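Here the protein sequences come in this chain order: A and B. The numbering of the first sequence is the working numbering, which starts it at 1 and goes up by one. The numbering of the second sequence is the working numbering, which starts it at 631 and goes up by one.
Keep in mind the hints are simulated off the structure, nothing from the lab. Only a predicted model underlies this, so the values are computations on that prediction, with no experimental measurement involved. Ideal Cβ positions, reconstructed from N, Cα and C, are used throughout, including at glycine. There could be a bad hint or two in this list.
Output of the computed footprint for chain A on chain B, the stretches with three or more beta carbons under 8 Å from beta carbons of chain A [claimed, not checked]: (1) 643 to 656; (2) 676 to 685; (3) 724 to 733; (4) 793 to 802; (5) 819 to 827; (6) 886 to 894.
If you only want the chain B side, here are some residues facing chain A, beta carbon under 10 Å, derived [what the hints assert, rightly or not]: (7) GLN635; (8) VAL714; (9) ALA769; (10) ASN813; (11) ILE856.
Using 20 Å as the maximum straight-line C-alpha spacing, the simulated DMTMM-like pairs for lysine to aspartate or glutamate come out as follows [what the hints assert, rightly or not]: (12) B:LYS680 - A:GLU20; (13) B:LYS674 - A:ASP295; (14) B:LYS800 - A:GLU343; (15) B:LYS674 - B:GLU707; (16) B:LYS786 - A:ASP311; (17) B:LYS674 - A:GLU297; (18) B:LYS827 - A:GLU293; (19) A:LYS274 - A:ASP311; (20) B:LYS827 - A:GLU312; (21) B:LYS827 - A:GLU20; (22) B:LYS800 - A:ASP419; (23) A:LYS158 - A:GLU23; (24) B:LYS867 - B:ASP888; (25) A:LYS240 - A:GLU23; (26) A:LYS274 - A:GLU312; (27) B:LYS799 - A:ASP419; (28) A:LYS457 - A:ASP295; (29) B:LYS674 - A:GLU293; (30) B:LYS680 - A:ASP295.
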Amino acid sequence: MAHISDLIATDIESYLAAHEQKELLRFITCGSVDDGKSTLIGRMLYESHMLFDDHLAALEADSKRVGTQDGEIDFALLVDGLAAEREQGITIDVAYRFFSTEKRKYIVADTPGHEEYTRNMATGASTADVAIILVDASQGILTQTRRHSFIVSMVGVKRIILAVNKLDLVDYSQEVFDSILADYSRFADDALALDAITAVPISALKGDNIVGPSENTPWYNGPSIMDYLETVEIASTSQKRSFRMPVQWVNRPNREFRGFAGIIGSGTISPGDKVRVLPSGTESVIDRIVTWEGDLEVAGAGRSVTLTLADEIDISRGDIITTADNPCGSADQFQTRILWMDENAMMPGRQYLFKANTQTTSMTLGQLKHRIDVNTLEELPTKVLEMNEIGVCNISLSSRIAFDSYDEDPTMGGFIIVDRMTNNTVGMGLIDFALRRADNIHWQSMDVTKESRAQQKSQRPRLVWFTGLSGSGKSSIANILEKKLQAMGRHTISLDGDNIRHGLNRDLGFTKADRVENIRRVGETSKLMIDAGLICISSFISPFESERQMVRSLVGEEEFIEVFIDTPLEVCEQRDVKGLYAKARAGELPNFTGISSPFESPVDPEIRIDTTQVSAEEAADQIIDYLSRS
Amino acid sequence: MTHLQRLEAEAIHIMREVVAEAENPVMLYSIGKDSSVMLHLAMKAFHPAKPPFPIMHIDTMWKFSEMIAFREKIAEEFGLDLIVHINPEGKEMGMNPFIHGSSTHTDMMKTQGLKQALDAHGFDVAFGGARRDEEKSRAKERIFSFRNESHHWDPKRQRPELWNLYNSKKNQGESIRVFPLSNWTELDIWQYIHLEKIPIVPLYLAKPRPVVERDGVLILVDDDRIPMAEGEEPMMKTVRFRTLGCYPLTGAVESEADTLPEIIQEMLLTTTSEREGRVIDFDSTASMEKKKQEGYF
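In isolation and in its complexed conformation, chain B is listed as follows (with noise of 0.2 Å):
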């Protein structure tokens, strides 16, 4: 078998455990390309039945507008059960990351957000995309990873995971976090993508867009709700996004990469990583582990 046949085969494997001992599963949908390969494996772990559990997407009223559009797309073409969930409180107080800050937006509408849902509807398991290779701390989390009544992780209490065999009795109050993908690293996501034929956000790709530089970042006048100076102007440059999340967070790339090898012998040549992209990663260097403690998926 090669390496993307085994980490293939590991994942369905994954996800078939979850839906024969969970009550009620969820997979966790952010549109991006991970998710789109976590998606796609679902399709083919419960073939010819579909994912027997819904998708997810938790929304901050700031997410590429190309985005929501593909995700509605996926949704109707694969027929799949698709909760999409704003924190009301952020929706009512206009949470807006340009005057509220990263970190507030973040915290409110994603960690908040996940967990009001997570609560409301009653999952005991979620699916997530992440990555071992992503950062630090994801490098030593557990396949499946377990959380407390308020969603926080400990490091310090995982369980042993051994072989394939995954104990996935939980306490009263707890859920877990699962993550087939925790074995692929980005250059495996984007071989399967092109491999397997996988639909993407095309923002992955680089094309003329429309953008302004904050702080040495491009951000991509998606709407119009991004502040302008007297008299700015957007810029017209040809970019590319390598990770999507909320547009005024998620810096561009100046790229002329507009198919998947290119794509890929760009990430290959760089000399940066992936998460580079992220505001939030910039604050301290435990910075993930922290939130994650504190219920970021």
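Here chain A stands alone, though its shape is the one from the complex (with noise of 0.2 Å):
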């Protein structure tokens, strides 16, 4: 296979070093249907000599039985590879081509035309560095020329050849070809975010300017396809950004090591520079680069490396390595453009998982600004996003990741979308900029659920249950615990004896059955205060297994949290801080629990804290510890 090079033949090693050396350009042809896509593929690989005689042959036969040119070679059916694909005559998903030249090796996505299979197309887009856009020149610039465009610019490509095509059919017009490309120009300039477009007259069925110049337009003096290709510089600008490496990994074979895997996202980066871990903000110095041919003095943008820190850090899939000198931001509330691609409308106010590099977390689609028309440029009000369309939106994000916004660095700002109920990539977007709290996302008509209003606290709502003897330390921890939480920003509210028993329960005794119905109204408060989107401490004796276990399945076993303060009787009958204890035993307190009433322990508390070993100050760190994990 491949190109022709006579050190093939006469110098196998020679011919081995210098193709080692070679770069690899990856492209996408795009496009409206029939504007000659795979064709212009087929005929670049046949050009190329890429071609096995048994892919000939089988293209021979396959041209006679289903080709669309009257038994002559169509290109179009070596790359359509699906069944469907070759009965239909149409491409449905982006196929990939390899070739090589003397100088580059390639790898080409030729992706769908069809407004269907613009997710395919997007899929092929995001991995190239060049796109050739097509345009039938007896059609010129349609619907679809300009949402590919729009979407190839959206995912990050910024060198395009507008190839105008069917140039034959137009008895190659220098005119035909000028209005097209001023055409494209007026809509290429308003909309995309291009650092160059080139615009080549061609002929795909007919080989005009696919590998060099053609007679037939000799008023063209630009380059030929493959010119283009073989010369335009491949972008090496993310080396030139500030470093950025998010956490793929933790390696760590033994006590010894422990390194941070992960591929460099932008920049480079040697032993002794000072980073900064995000969003934690811990700093640290590097101290190796390891990789398995030995340690590198430097790595740069798009090296899969594992590194290792002078000091012992925390850190974990999903956090950045920035430089310390220009780290990047991090944030929870974005502006973003959004590509949406599922049949399922996006549905602002709904949760979806949200992944960029290797953070992911849960997200809330607030309202639409807009949506854009990709053919006309306009931004129109809508409520929903529809497959295809592209929208500008609000996102909430359910923990603060690291970024920087996608113009400054694609690694760090772009972003899929995945629902949750199917688990599939319903969206892709790009972050723009962080918003400041003050602009709070405006939800627009969306239902308030318990999510919403758990989502606009940033927390998750739990119950913590704290179960025990009296003066075990339940409301001293509670109080302590709720301290801190609030400290942290969290929303919390506090049910105990003396907030329920003097007032809700004002009417309830010490009985069994009254103690049973102290603990069904308690539980059924704590869980309206769960559906307020708050933290809820609940302290109370509630001595009873099944008490606890229908608050348990009332609130939920997930949001249910049982901590149990095991404090031995003898203990709390010591501290007996309000002299109860010294009533219960003198017989002035019926039904009074470790002492005339029983009290069944937790047999599998979430939390057991055995108060004669930790300080109250210490159970609630454990406890915000396991709020955190879980």
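Take the two lone chains, each set in its own frame, and fit them into one complex as the hints suggest.
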């Protein structure tokens, strides 16, 4: 296979040495249906001598059987690989093709033109360095031409070849070519963030201006498609940006080694460089850049490496190691541009999963500012985004992430949206900027739910249920816990004997039946607090397992955290802060738990605290730790 | 960066994503050149740790004996956790491609054997060494490719795959095939083997070997299970293999290439594609797509 090089036959070692140094250029062909994308790629493979004899033989047979070129070779059949595509004569999914020249190795993504398959087109575009946008000279610029250009630019392609194809159908007219280019430029200048557009007049079918100049277009002095691809500079801007490496995986083969594995998104790094880890903000210094071949002195964007740091700091997947001089920001609310890719429309107020580099978190979509009509570039008001629509939308994440805007650093500002129910990738988006707290998201006609209330407070509502004997320390620990949570910006409420028995439950005494009713009412009240999005801290002796179980099933297993304050009776009695044990022993208090009424210890509480071993302060920290981990 | 450096970094990134997000991953190991490259990349990706997953070979009882010897040697040298699975039904019925035919053999020993092994171990993600330049339906497959509970592939419902952000969330019963070498070509594989001095099965290099001709294809006489006509003697020919699989189904090519550069030279000057030596592709145009829909890797 491959292009012709005399070296292959005469001096394979030299050929390999040269080939080893080749750069990789990835490009995409796109445009409307029937603009000739597959034909162009087929032609390029053919002209580069990249076709095997058996492929060619199969192609000739297929062309006769199902071809659209009257028995002539139908190059489109080379790339349409799925049975359904070959039968329907359309391209459904992106196909990748490979070829190389003396200078470069190429990966081509041939993408579908139908609007229905826009997401497959975006898939192919997202890894491309250059895009070839095809236009049928006899049709001019179509909606799909604009849509594809828009998406190509959105996923980060900066260089476009506008290939005006089928020029043979318009007698190789310069006038037609010029007017299409003018038309396109008017659109592109307004809509696209491009570095350069190069227009080339071609006929993919006849081979004009594909690999060399064509006699049919003497008026054209620019490069052929291949000339352009061979010489275009491959973007190395990512090396020049500030250092960013999202941590993929923590490498801990033994106690001595702790490395952070990832692909460097931007910039370069060397041992001794000062780094900051986000979102925590901890700083350290790079100790080693570890690879299988040995440690590196320097590594740059695009390399997969493992870094070790001079200090032992807590880093896990999803953290970003950045340069300390110019670290990225961190925030949890953003304005974004979104391309929706699912049959089910995007609904503001709904929760999805958000994934940017190695950071995954849950996300709520705010109101749509507008959608963009890719044809007219008009900003239209809308409530939802349908499949293949592009809109500007605020989003709110459940935790802070480290980020750069997409325009500053695509590897830090691009994200995908995953549906929580179907697990499908339903959208892609670009971070424009973080919202200040004051610019909080304005929700539009969304249902106010438990989730949205919790979202507003950026917390997960929970019921922390303290159980234990009178005087075991429930209230003191609950009190410290609530103070700490509030200092952390959490929204809480405390329920205990004091604020319940004097109000809501003042009609209840201490008989077994009253105790059961007491807990039932407290359970229902706690549930309302959770619905309000609060972290509810309830402290009640709650001596019976069945009532605690009832509350657990009332609020749900996932939100119920049973904290057993396990203080032995003797200790409680010794403390006897309120003098109740003395009264009970004297027979003045009937039905007193531990003395004249039983206490059923929890069998399997989420947290057990032995107050003879830990202080109230430590106990509160232990609970906070549990809350943040689960 | 050179093209090989870019491909290497991409493959390592893919492997690490899987290890970070999968519950129970496995690496499919076919002992061929692509598997050798994939394994080498795994050693690099997790260095100084060992790859944190087992490697699994779906044995068919008809692999070249040199492949099996090589497999054992590599597993020991690299200190890997090796799982070997043979479809017990096939073993019991004495599956024989010479008698039962290539498609029955391949379906039972490879396709069904693979499904059995993945189900038995509960692997949710399996790495495979397939490349997009191998075949037309592969050229359309995502790097993270989903299979339903029957291990079927639905080419019309592939998820979008943006940049290097892989969505590894799967539904009940689904599993994922991940192809870290998707963007490598046959030439890249050989060049990388050459550059990195990666060990490969010696069958890839030419040497005098005993062969017989069957339907115009040269078959190695690897053991005495190959049926011989009355008085037929194997011929000694200097041959090598462009691809490795079950010896009765893999044709040898006559060649003098006994060094890597010579192999590459021969490949670059050849005019037929790599899979032509595989009997499985001869059936019909969409045969690979059909096989994959049924669960073939």
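Results of checking the hints against the structure:
1. 643 to 656: holds (count 5)
2. 676 to 685: holds (count 5)
3. 724 to 733: Three-residue rule not met by the stretch 724 to 733 of chain B, so violated; n is 0.
4. 793 to 802: holds (count 7)
5. 819 to 827: Contact hint for the stretch 819 to 827 of chain B vs chain A: holds, 3 residues under 8 Å.
6. 886 to 894: This one holds; 3 residues, not fewer than the three required, reach chain A with a Cβ under 8 Å.
7. GLN635: This interface hint holds because 7 Å falls under the 10 Å limit.
8. VAL714: violated, 26 Å
9. ALA769: holds, 5 Å
10. ASN813: holds, 6 Å
11. ILE856: violated, 27 Å
12. B:LYS680 - A:GLU20: violated, 28 Å
13. B:LYS674 - A:ASP295: The given pair, whose Cα atoms are some 12 Å apart, holds under the 20 Å limit.
14. B:LYS800 - A:GLU343: With a Cα-Cα distance of about 18 Å, the restraint between B:LYS800 and A:GLU343 holds, given a limit of 20 Å.
15. B:LYS674 - B:GLU707: Between B:LYS674 and B:GLU707 the Cα gap is close to 15 Å, so the pair holds against 20 Å.
16. B:LYS786 - A:ASP311: Roughly 50 Å separates the two Cα atoms, so the pair is violated.
17. B:LYS674 - A:GLU297: holds, 18 Å
18. B:LYS827 - A:GLU293: Since the Cα atoms of B:LYS827 and A:GLU293 sit roughly 12 Å apart, the hinted pair holds (cutoff 20 Å).
19. A:LYS274 - A:ASP311: holds, 11 Å
20. B:LYS827 - A:GLU312: Measuring from Cα to Cα gives roughly 36 Å; hence the hint is violated.
21. B:LYS827 - A:GLU20: The hint holds at about 14 Å.
22. B:LYS800 - A:ASP419: holds, 11 Å
23. A:LYS158 - A:GLU23: Distance of about 18 Å is within 20 Å: holds.
24. B:LYS867 - B:ASP888: At roughly 13 Å apart (the allowed maximum being 20 Å), B:ASP888 and B:LYS867 satisfy the hint.
25. A:LYS240 - A:GLU23: holds, 18 Å
26. A:LYS274 - A:GLU312: holds, 14 Å
27. B:LYS799 - A:ASP419: holds, 9 Å
28. A:LYS457 - A:ASP295: violated, 46 Å
29. B:LYS674 - A:GLU293: holds, 8 Å
30. B:LYS680 - A:ASP295: holds, 17 Å
Hint compliance for this structure: hints 3, 8, 11, 12, 16, 20, 28 are not met, and every other hint is.
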